[in-house]
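Asker: Assemble the whole structure, with the sequences as input and the hints as a guide.
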Amino acid sequence: MTIQYYAQQLEAVNYKALWVGQNMMEKIEGISEYTAFTRPILELHSVAEIIGHMTASNIDIINKLKIHFKSQQVYQPEYWRSNEELKTIGWKQLKEDYEKSILSIIVLIGDKDDSLLEKTYREDNHKSVYPFEFAIEGVIHHTMYHLGQLGITIKLLIRKELHVQN
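One point on numbering: in full-length UniProt numbering, the residue at position 111 of the sequence shown is 111, and numbering is uninterrupted.
Honestly, the hints are just simulated from the structure, not real lab data.
Glycine residues also receive a C-beta, built at the ideal position from the N, C-alpha and C atoms.
Among these hints, one or two may not hold up.
[As the list claims (entries may be wrong)] Label-pair restraints from in silico Cβ distances:
{"hint": "1", "residue 1": "V74", "residue 2": "I158", "range": "18 to 26 Å"}
{"hint": "2", "residue 1": "F69", "residue 2": "S32", "range": "35 to 43 Å"}
{"hint": "3", "residue 1": "S32", "residue 2": "L103", "range": "23 to 31 Å"}
{"hint": "4", "residue 1": "K66", "residue 2": "R159", "range": "38 to 46 Å"}
{"hint": "5", "residue 1": "D124", "residue 2": "R159", "range": "36 to 44 Å"}
{"hint": "6", "residue 1": "K70", "residue 2": "G110", "range": "16 to 24 Å"}
{"hint": "7", "residue 1": "I158", "residue 2": "F69", "range": "39 to 47 Å"}
{"hint": "8", "residue 1": "K66", "residue 2": "M1", "range": "20 to 28 Å"}
{"hint": "9", "residue 1": "K70", "residue 2": "I152", "range": "21 to 29 Å"}
{"hint": "10", "residue 1": "Q8", "residue 2": "F69", "range": "44 to 52 Å"}
{"hint": "11", "residue 1": "G148", "residue 2": "Q76", "range": "20 to 28 Å"}
{"hint": "12", "residue 1": "Q149", "residue 2": "K100", "range": "18 to 26 Å"}
{"hint": "13", "residue 1": "M1", "residue 2": "R159", "range": "37 to 45 Å"}
[Unchecked claim] The calculated lysine-lysine pairs, modelled on DSS-like cross-linking and capped at a C-alpha distance of 25 Å, are:
{"hint": "14", "residue 1": "K27", "residue 2": "K112"}
{"hint": "15", "residue 1": "K66", "residue 2": "K112"}
{"hint": "16", "residue 1": "K155", "residue 2": "K95"}
{"hint": "17", "residue 1": "K70", "residue 2": "K119"}
{"hint": "18", "residue 1": "K16", "residue 2": "K87"}
Answerer: See below:
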């Protein structure tokens, strides 16, 4: 694959028509603040927790790319923050932060040549080394995984809300 292909796929899963249904931005568009911070059942994450986690993962990749390009890194939040911590940020800001993280990756890789895919980065444990293709493709897989998770979570929340109303 080419780096432009990966940039297009990342853009598609977040903004374009998908064979699997809604893209990420469509999926979270109509979610209210209340619903975003509600867990459908105790053991499952809220929509806000999932979006916060995805943003943190994206920032991790952004930092790896920025280290490679020798530019300033971005603050790295925890991978899984609690609803209480995320509520202080607010649902609107969480969505904006997620979108900013996606667009940052697209911009960082969009004008690069395919040789970036073969260049390597070191994981935080300083032992594992991977090609950037692994990380960039991983962002797409991670987004698709959580897109499906959000679909189930949102369905459960709607069902829960309907049950409460009746």
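Asker: Hints first: check each against the structure and report whether it holds.
Answerer: We went through each hint and held it up to the structure:
Roughly 34 Å separates the CB atoms of V74 and I158, a value that falls outside the hinted 18 to 26 Å. For the pair F69 and S32, the supplied restraint of 35 to 43 Å holds, since their beta-carbon distance comes to about 39 Å. Take S32 and L103: their Cβ atoms lie about 24 Å apart, and the range 23 to 31 Å holds. Look at K66 against R159: about 42 Å separates their beta carbons, and that is inside 38 to 46 Å.
Checked against the hint of 36 to 44 Å, the pair D124 and R159 passes, with Cβ atoms roughly 39 Å apart. Between K70 and G110 the beta carbon distance is about 19 Å. The supplied range of 16 to 24 Å therefore holds. Separated by about 43 Å at the C-beta atoms, I158 and F69 satisfy the suggested range of 39 to 47 Å. Distance hint check: the CB atoms of K66 and M1 are about 22 Å apart, consistent with the given range 20 to 28 Å.
Distance hint check for K70 and I152: the Cβ-Cβ separation is about 41 Å, which falls outside the suggested range of 21 to 29 Å. A hinted range of 44 to 52 Å for the beta carbons of Q8 and F69 is inconsistent with their spacing of about 21 Å. In this structure the hint that G148 and Q76 lie 20 to 28 Å apart at CB holds, the actual value being about 26 Å. In this structure the supplied range 18 to 26 Å holds for Q149 paired with K100, their Cβ-Cβ distance being about 21 Å.
For M1 paired with R159, a C-beta distance near 39 Å keeps the hint of 37 to 45 Å intact. Proximity of K27 to K112 is assessed by CA-CA distance (about 30 Å); at most 25 Å being required, the pair is judged violated. Distance hint between K66 and K112 is fulfilled; the C-alpha atoms sit about 13 Å from each other, no more than 25 Å. Proximity of K155 to K95 is assessed by CA-CA distance (about 19 Å); at most 25 Å being required, the pair is judged to hold.
About 14 Å separates the Cα atoms of K70 and K119, which keeps this hinted pair within 25 Å; it holds. This hinted pair does not check out: K16 and K87 have alpha carbons roughly 29 Å apart, beyond 25 Å.
In this structure, the hints that do not hold are numbers 1, 9, 10, 14, 18, in rising order.
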